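Use the sequences and the hints to build the structure in full.
Line by line, the protein sequences give chains E and B.
For the first sequence, counting from 1, position 21 maps to 21 in the numbering used here; every step adds exactly one.
For the second sequence, counting from 1, position 239 maps to 239 in the numbering used here; every step adds exactly one.
Calculated directly from the structure, the hints in this document are not laboratory data.
Hints should not be assumed to be uniformly reliable.
[Stated by the list, open to error] Result set (DMTMM-like, lysine to aspartate or glutamate): computed pairs, CA atoms no more than 25 Å apart in a straight line:
no. : chain 1 : residue 1 : chain 2 : residue 2
1   : B       : K122      : E       : E142
2   : B       : K122      : B       : E142
3   : E       : K122      : E       : D265
4   : E       : K122      : B       : D335
5   : B       : K122      : B       : D335
6   : B       : K122      : B       : E140
[Stated by the list, open to error] According to the in silico footprint, chain B covers these stretches of chain E (three or more CB under 8 Å from chain B):
no. : stretch
7   : 42 to 56
8   : 275 to 289
Computed from a predicted structure; not experimentally measured.
The beta carbon of each residue, even a glycine, is placed where N, CA and C say it ideally should be.
2 protein chains.
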Amino acid sequence: VTEIAGEPAGTGRDYPSPMDLLVGIDEIRSAAAKIAGGAVRTPLLPCLWAPGLWLKPENLQPVGSFKVRGAVNALARLPEPARVAGVITHSSGNHGQALAFAARRFGVPCVVVMPDVAPPVKVDAVRSLGADVVLVSPPEREVRTERIAVERGLAIIPPFDHRDVIAGQGTVGLEVVEDLPDVSGVLVPVGGGGLASGVASAVKALRPEALVVGVEPDLAADAAESLGAGRVVTWPAELTYRTAADGLRTNLSDLTFAHLRERLDGIVTISDAEILSTAGELARSARLVSEPSGAVAPAAWLHRRDELRTRFGLDAGPVVAVVTGGNLDPALLADLVRP
Amino acid sequence: VTEIAGEPAGTGRDYPSPMDLLVGIDEIRSAAAKIAGGAVRTPLLPCLWAPGLWLKPENLQPVGSFKVRGAVNALARLPEPARVAGVITHSSGNHGQALAFAARRFGVPCVVVMPDVAPPVKVDAVRSLGADVVLVSPPEREVRTERIAVERGLAIIPPFDHRDVIAGQGTVGLEVVEDLPDVSGVLVPVGGGGLASGVASAVKALRPEALVVGVEPDLAADAAESLGAGRVVTWPAELTYRTAADGLRTNLSDLTFAHLRERLDGIVTISDAEILSTAGELARSARLVSEPSGAVAPAAWLHRRDELRTRFGLDAGPVVAVVTGGNLDPALLADLVRP
Numbered sequence: 001v002t003e004i005a006g007e008p009a010g011t012g013r014d015y016p017s018p019m020d021l022l023v024g025i026d027e028i029r030s031a032a033a034k035i036a037g038g039a040v041r042t043p044l045l046p047c048l049w050a051p052g053l054w055l056k057p058e059n060l061q062p063v064g065s066f067k068v069r070g071a072v073n074a075l076a077r078l079p080e081p082a083r084v085a086g087v088i089t090h091s092s093g094n095h096g097q098a099l100a101f102a103a104r105r106f107g108v109p110c111v112v113v114m115p116d117v118a119p120p121v122k123v124d125a126v127r128s129l130g131a132d133v134v135l136v137s138p139p140e141r142e143v144r145t146e147r148i149a150v151e152r153g154l155a156i157i158p159p160f161d162h163r164d165v166i167a168g169q170g171t172v173g174l175e176v177v178e179d180l181p182d183v184s185g186v187l188v189p190v191g192g193g194g195l196a197s198g199v200a201s202a203v204k205a206l207r208p209e210a211l212v213v214g215v216e217p218d219l220a221a222d223a224a225e226s227l228g229a230g231r232v233v234t235w236p237a238e239l240t241y242r243t244a245a246d247g248l249r250t251n252l253s254d255l256t257f258a259h260l261r262e263r264l265d266g267i268v269t270i271s272d273a274e275i276l277s278t279a280g281e282l283a284r285s286a287r288l289v290s291e292p293s294g295a296v297a298p299a300a301w302l303h304r305r306d307e308l309r310t311r312f313g314l315d316a317g318p319v320v321a322v323v324t325g326g327n328l329d330p331a332l333l334a335d336l337v338r339p
Numbered sequence: 001v002t003e004i005a006g007e008p009a010g011t012g013r014d015y016p017s018p019m020d021l022l023v024g025i026d027e028i029r030s031a032a033a034k035i036a037g038g039a040v041r042t043p044l045l046p047c048l049w050a051p052g053l054w055l056k057p058e059n060l061q062p063v064g065s066f067k068v069r070g071a072v073n074a075l076a077r078l079p080e081p082a083r084v085a086g087v088i089t090h091s092s093g094n095h096g097q098a099l100a101f102a103a104r105r106f107g108v109p110c111v112v113v114m115p116d117v118a119p120p121v122k123v124d125a126v127r128s129l130g131a132d133v134v135l136v137s138p139p140e141r142e143v144r145t146e147r148i149a150v151e152r153g154l155a156i157i158p159p160f161d162h163r164d165v166i167a168g169q170g171t172v173g174l175e176v177v178e179d180l181p182d183v184s185g186v187l188v189p190v191g192g193g194g195l196a197s198g199v200a201s202a203v204k205a206l207r208p209e210a211l212v213v214g215v216e217p218d219l220a221a222d223a224a225e226s227l228g229a230g231r232v233v234t235w236p237a238e239l240t241y242r243t244a245a246d247g248l249r250t251n252l253s254d255l256t257f258a259h260l261r262e263r264l265d266g267i268v269t270i271s272d273a274e275i276l277s278t279a280g281e282l283a284r285s286a287r288l289v290s291e292p293s294g295a296v297a298p299a300a301w302l303h304r305r306d307e308l309r310t311r312f313g314l315d316a317g318p319v320v321a322v323v324t325g326g327n328l329d330p331a332l333l334a335d336l337v338r339p
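Here it is, written out as structure tokens:
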């Protein structure tokens, strides 16, 4: 794959072609400069309770997830007239909050299209960040988003299928290598694949000998199947909605698949029981509140050591697991932390 | 007060005289260099849910509290022969774990004298860090500590009454001003006063116009009374042990009192109900697991805004509250986070 780092692709295009060149390290470095002051530069936390493991606590970002990185970068990269006109996305999850946060930071309009079945607490969270929420029936989400975008002249910022979003999420990987230059492996959850694409792009550019391994729930293992098949395999919502890791139910796009195929070393899968018990362990031992999706990567270090060693040769640390988010229902949190 | 910054006081002396000079900014800068790699450089976390408030999450340190800063600095500052001989302290709390962690890092012996009534989980935590635990009846703690120190040639590192410990804790304040140069106020819990002494020393040296306000439980308000009386007033354990904030039951020493009298703007007090509800809020909104003592400073911003404004003129942010620790019983955590 040829790579033209620093090429200003993505500017003014909402859905780059999957045949585009992959995101380069210069784009990720540029994103790091653009998100400074918007996103928190999270530390790496060594785990005395799990030797060799370091956590990258993205649950501590302003809106509770790494998504703020991609959203802020995407807005910063929009040409001025497009940014001033405003942005739109459809999301019932962390990307909607992140885009609303980023738009408020830039002082521009933001519309978040949400399913009319979304919990009121999630709708309120987006509204409290100053965004317009448009509630639609779930099948209408994409069509309504595109229609509103045209009517109001808004730029669509999708949650992962966008190279500026991938470059923004890639700053996680950049920071990992900066802070832990001898890192031997990075564990990163895979949902739509934006974070994994960005992190793998950064880490492989800066430290090619480090492994980057994706982690997925057993119950939404579409990305693992896709890498095995050599093409994007989609799983229907009836299957992926079984996992409690609601941030990881999405399928890959052609763009993220292209990144993962080139740059990810592989994917391990984890059961929901392992995910939930790890979320409890993170609260009790790492003092971090994690949503189920956020506990998936550390769960791989705790529960897939044999597979990480035999399949990838990843044995000794330092290994970094990205704790991606911390937005969960307080009642579930109370259940998770119970000893 | 005259101040000789950089004077290598404390070296080889375990209990400096309270009439010594106060800790200077050069000692704190030196401590920052010595603890790098041992303590985590925690970020400042802006709170969308509490505008104006930023959190300094010291609960994310390796042993779950800021105490690691003072312990690592105190060991680093010991003359080589003393350090190699080893260290001792008496503590049933976070300082014991922190000293054990620091000693393991330096590869030197460590003894922690603990009351024989300490919960087994706390004893195990110290032992798992490689320290020798000596269990004694509570009234014997100090005598036994001093006797063992003499017998084994160990340096006593007390939890707060030591200028190297104060300088180490002061790195919290140094980082606050580095990361948020326009900070208008810093809220810091007061137990024995080591953290508050160090933070006030750093902040007042670097940004004299910023306020530094201590926070204490109503039920252990000995430091507030001491500042009012102009001398150290001690409260008996029967009183201070009423608060759930077990890290803040200690009285001041002459050394910490001297720092607070010179450099702290004052102290506000907080009820236990406010402390516990804030710990729940930190888990739900800031994704941080905090012990009760760790929630005291943010509780002041949430519940003492009128007093902070009228007594101190502290109204608009940015205000930083130090979340000092995250070691608590999982059953209490489950209760706290319940919505």
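So, going through the hints one by one against the coordinates:
| no. | hint | result |
| --- | --- | --- |
| 1 | B:K122 x E:E142 | 54 Å, violated |
| 2 | B:K122 x B:E142 | 19 Å, holds |
| 3 | E:K122 x E:D265 | 35 Å, violated |
| 4 | E:K122 x B:D335 | 24 Å, holds |
| 5 | B:K122 x B:D335 | 20 Å, holds |
| 6 | B:K122 x B:E140 | 19 Å, holds |
| 7 | 42 to 56 | holds (count 6) |
| 8 | 275 to 289 | holds (count 6) |
Figure legend: structure checked against the earlier numbered hints; hints not met, in rising order: 1, 3.
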